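2 protein chains.
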Amino acid sequence: MNIRDVDTPALVIDLDKVEKNLKAMAEYCRSHHINLRPHTKTHKMPSLAKRQLEHGATGLTVAKLGEAEIMVESGVDRLLVAYPIIGRPKAERLAALCEKADVTIALDSPEAVDFAARGTSERGVRAGILVEVDVGFRRCGVQDDQAALKLAQRIIDCSSLEFRGLLFYPGSYVTQETQEEQLRKVNASLERLLDSFQANGIPVPVVSGGSTPTARFSHRFSGLTEIRPGTYIFNDRNTMLHGVAQLDDCAGTVIVTVVSKAVPGKVIVDGGSKTFSSDPCLAGHTGFGLVKEDPEAVFVAMNEEHGYLDVSRSGRRYAIGEKLGVIPNHICATVNLHNEVFFARGETVESVCPVAARGKIR
Amino acid sequence: MNIRDVDTPALVIDLDKVEKNLKAMAEYCRSHHINLRPHTKTHKMPSLAKRQLEHGATGLTVAKLGEAEIMVESGVDRLLVAYPIIGRPKAERLAALCEKADVTIALDSPEAVDFAARGTSERGVRAGILVEVDVGFRRCGVQDDQAALKLAQRIIDCSSLEFRGLLFYPGSYVTQETQEEQLRKVNASLERLLDSFQANGIPVPVVSGGSTPTARFSHRFSGLTEIRPGTYIFNDRNTMLHGVAQLDDCAGTVIVTVVSKAVPGKVIVDGGSKTFSSDPCLAGHTGFGLVKEDPEAVFVAMNEEHGYLDVSRSGRRYAIGEKLGVIPNHICATVNLHNEVFFARGETVESVCPVAARGKIR
Numbered sequence: 001m002n003i004r005d006v007d008t009p010a011l012v013i014d015l016d017k018v019e020k021n022l023k024a025m026a027e028y029c030r031s032h033h034i035n036l037r038p039h040t041k042t043h044k045m046p047s048l049a050k051r052q053l054e055h056g057a058t059g060l061t062v063a064k065l066g067e068a069e070i071m072v073e074s075g076v077d078r079l080l081v082a083y084p085i086i087g088r089p090k091a092e093r094l095a096a097l098c099e100k101a102d103v104t105i106a107l108d109s110p111e112a113v114d115f116a117a118r119g120t121s122e123r124g125v126r127a128g129i130l131v132e133v134d135v136g137f138r139r140c141g142v143q144d145d146q147a148a149l150k151l152a153q154r155i156i157d158c159s160s161l162e163f164r165g166l167l168f169y170p171g172s173y174v175t176q177e178t179q180e181e182q183l184r185k186v187n188a189s190l191e192r193l194l195d196s197f198q199a200n201g202i203p204v205p206v207v208s209g210g211s212t213p214t215a216r217f218s219h220r221f222s223g224l225t226e227i228r229p230g231t232y233i234f235n236d237r238n239t240m241l242h243g244v245a246q247l248d249d250c251a252g253t254v255i256v257t258v259v260s261k262a263v264p265g266k267v268i269v270d271g272g273s274k275t276f277s278s279d280p281c282l283a284g285h286t287g288f289g290l291v292k293e294d295p296e297a298v299f300v301a302m303n304e305e306h307g308y309l310d311v312s313r314s315g316r317r318y319a320i321g322e323k324l325g326v327i328p329n330h331i332c333a334t335v336n337l338h339n340e341v342f343f344a345r346g347e348t349v350e351s352v353c354p355v356a357a358r359g360k361i362r
Numbered sequence: 363m364n365i366r367d368v369d370t371p372a373l374v375i376d377l378d379k380v381e382k383n384l385k386a387m388a389e390y391c392r393s394h395h396i397n398l399r400p401h402t403k404t405h406k407m408p409s410l411a412k413r414q415l416e417h418g419a420t421g422l423t424v425a426k427l428g429e430a431e432i433m434v435e436s437g438v439d440r441l442l443v444a445y446p447i448i449g450r451p452k453a454e455r456l457a458a459l460c461e462k463a464d465v466t467i468a469l470d471s472p473e474a475v476d477f478a479a480r481g482t483s484e485r486g487v488r489a490g491i492l493v494e495v496d497v498g499f500r501r502c503g504v505q506d507d508q509a510a511l512k513l514a515q516r517i518i519d520c521s522s523l524e525f526r527g528l529l530f531y532p533g534s535y536v537t538q539e540t541q542e543e544q545l546r547k548v549n550a551s552l553e554r555l556l557d558s559f560q561a562n563g564i565p566v567p568v569v570s571g572g573s574t575p576t577a578r579f580s581h582r583f584s585g586l587t588e589i590r591p592g593t594y595i596f597n598d599r600n601t602m603l604h605g606v607a608q609l610d611d612c613a614g615t616v617i618v619t620v621v622s623k624a625v626p627g628k629v630i631v632d633g634g635s636k637t638f639s640s641d642p643c644l645a646g647h648t649g650f651g652l653v654k655e656d657p658e659a660v661f662v663a664m665n666e667e668h669g670y671l672d673v674s675r676s677g678r679r680y681a682i683g684e685k686l687g688v689i690p691n692h693i694c695a696t697v698n699l700h701n702e703v704f705f706a707r708g709e710t711v712e713s714v715c716p717v718a719a720r721g722k723i724r
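Just so you know, the sequences run in chain order P and E.
Sequential numbering of the first sequence, starting at 1, is according to the numbering used here.
Sequential numbering of the second sequence, starting at 363, is according to the numbering used here.
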């Protein structure tokens, strides 16, 4: 089947582009002796997680336990849950996972240490722990080396937990101008942390950082041992606008149909926020996606099922019923809205793949 | 089970508030002799669709055929698909639905008439058709009375289609100041249309309009016979900000857990854009939801799994692991992200209900 014969809206993933993206990131990591632990939040599909492992990933990253459970069920045996596990029910699920796989979690509070310790010790299993440190992004993460040391010591004191190192989130989208400045700040934080751990005789085997936008300067982060990029497998309009991908690197395209052109200067397509997500694009730009067939069309607005293209400055003629390919702003959020995706190579659909870990918010 | 014992993030629906909201809208419609055809896109659950029918709704509205199929499978037999059905596969699905239920669709192009005519005539069924007219919102809809008449005539000429009237979308959020102005414009359009149809001897049994924000002045739209509000069943932060609901009318609350407070002045909760959607709130306001426990907390940002509360101006103390209730900006988009919701009355969870029509984008 041709990708234009799929009923719309539909998310089509080009497997040739996926392979190219996986290979390029794997090669970057190999050449810099950095471990690659891809974040599966972008694709949410065990088959693609396995391709990442086959390309040499040392393990995989997930955000939520529900995602981890899907991945472990499908045979993935090395996972980082890069999210604080809080509460008894989740601590018990974590412990159950530790029976089946080598699981590491990230945390930034003594409460989270205690939940993990209790869950694992009651079940007689062990979990690896990374202490999340804030290097300037101000989301999660302890604020200084003393807090990090204290937390590490609390972990070391629990026999069912293994302190494995530090995790940081380097932010996502930085401009070229601020990149060097940001790098300096992050490295100052990391160096102070690593010095303190060394002074206290606590080994730090893992320093985990790195998003897709920052991936290619990961080798310049002080002491970094692994990165967790997610978006690189598919890319999207935001990675393009950020200059870390080209259109040809974008593996995910939403195919939509023109359903109305009754209003002059406007074309309505059958995908809106329920198909693309409402995620905006990189600051300084506008629009909700890139129409591949018409760079002059502006994806100006959405309702749940309506996408509004402003075509008033376009010379292209649109027909009711014709199909268009749109690169979404944020592919991770888009994938999460689709029950299944269509795997293709070029113009040919090869198979339909359920998005097994979509909607796993707990 | 108490609603605070549900693992998070979780969407809890208060059935007492639902009943109150359903009753109030039904009474408004009854008192003004307006037919009520609620839009099920807000709840996506057949059990709530049936409650709407039991409260006197003359039928239900859906946006996509996938939603219609779920509703018809569960026994709903009068449906309006308020969306253009374009393409052969969808025309065939429409015809299959017409075998099982009384289905009306809205459209605004001759192409859409032809798709519907072909699908229904091949299967030997009939579909009702409303011609969508643009009364100023500039999304879908023919632009003037001549175009509407032409389309109606094309429908009348097809033996498998039945022209049932006009459909318009009155916009959603208008300020009190612009309300009278907007009403005047919409009525001018409607009156011209109805005059033209009368002059041409074409009866217009149905004039369908009305969103939740405009619902309560529906009786002032010229010639209107039915409304299609959706959000009123649950309400949300946007209907509150718009002044058409109070906090006590909001039936949908997302329960989240505090997972980090490592960064001073900030609290991170375990629901982000994968739980709430990124839908912004009404222009002129900011934030992604209302924290019921702390009106001084500002829900300033989200990543997929992280909600950022700015609590720097709050006197409240937060604890890791505590649960908070958040009213989302846009409940329809929130519901669509949840595989199931928790039905409650007050503080007590009564049951878990799958969101059967979630993700039905086709």
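Hints should not be assumed to be uniformly reliable.
[Unchecked claim] Simulated crosslink set (SDA-like; lysine to any residue; CA at most 25 Å straight-line):
no. : chain 1 : residue 1 : chain 2 : residue 2
1   : E       : 685       : P       : 93
2   : E       : 685       : P       : 88
3   : E       : 382       : E       : 609
4   : E       : 628       : E       : 665
5   : P       : 292       : E       : 450
6   : P       : 323       : E       : 458
7   : E       : 654       : E       : 676
8   : E       : 462       : E       : 500
9   : P       : 185       : E       : 626
None of these hints come from the bench; they were simulated from the model.
Here the structure is a predicted model, which means the values were calculated and not measured.
To see whether the hints hold, each was checked on the structure:
1. A distance of roughly 19 Å separates the Cα atoms of residue 685 of chain E and residue 93 of chain P; the hinted pair therefore holds under the 25 Å criterion.
2. A C-alpha spacing of about 13 Å is found between residue 685 of chain E and residue 88 of chain P, which places the hinted pair at or below 25 Å, so the restraint holds.
3. For the suggested pair residue 382 of chain E and residue 609 of chain E, the alpha carbons sit about 13 Å apart, so the restraint of at most 25 Å is met.
4. Pair hint residue 628 of chain E plus residue 665 of chain E holds up; C-alpha atoms about 14 Å apart against a cutoff of 25 Å.
5. Distance check on the hinted pair: residue 292 of chain P and residue 450 of chain E sit about 24 Å apart at the alpha-carbon level, within 25 Å; holds.
6. Simply put, residue 323 of chain P and residue 458 of chain E have alpha-carbon atoms about 24 Å apart, close enough for the 25 Å limit, and the pair holds.
7. Our distance criterion of 25 Å between C-alpha atoms is met by residue 654 of chain E and residue 676 of chain E, whose separation comes to about 13 Å.
8. Proximity of residue 462 of chain E to residue 500 of chain E is assessed by CA-CA distance (about 33 Å); at most 25 Å being required, the pair is judged violated.
9. A hinted pair counts as satisfied when its Cα atoms are at most 25 Å apart, and residue 185 of chain P with residue 626 of chain E qualifies at roughly 19 Å.
Hint compliance for this structure: hint 8 is the single one not met.
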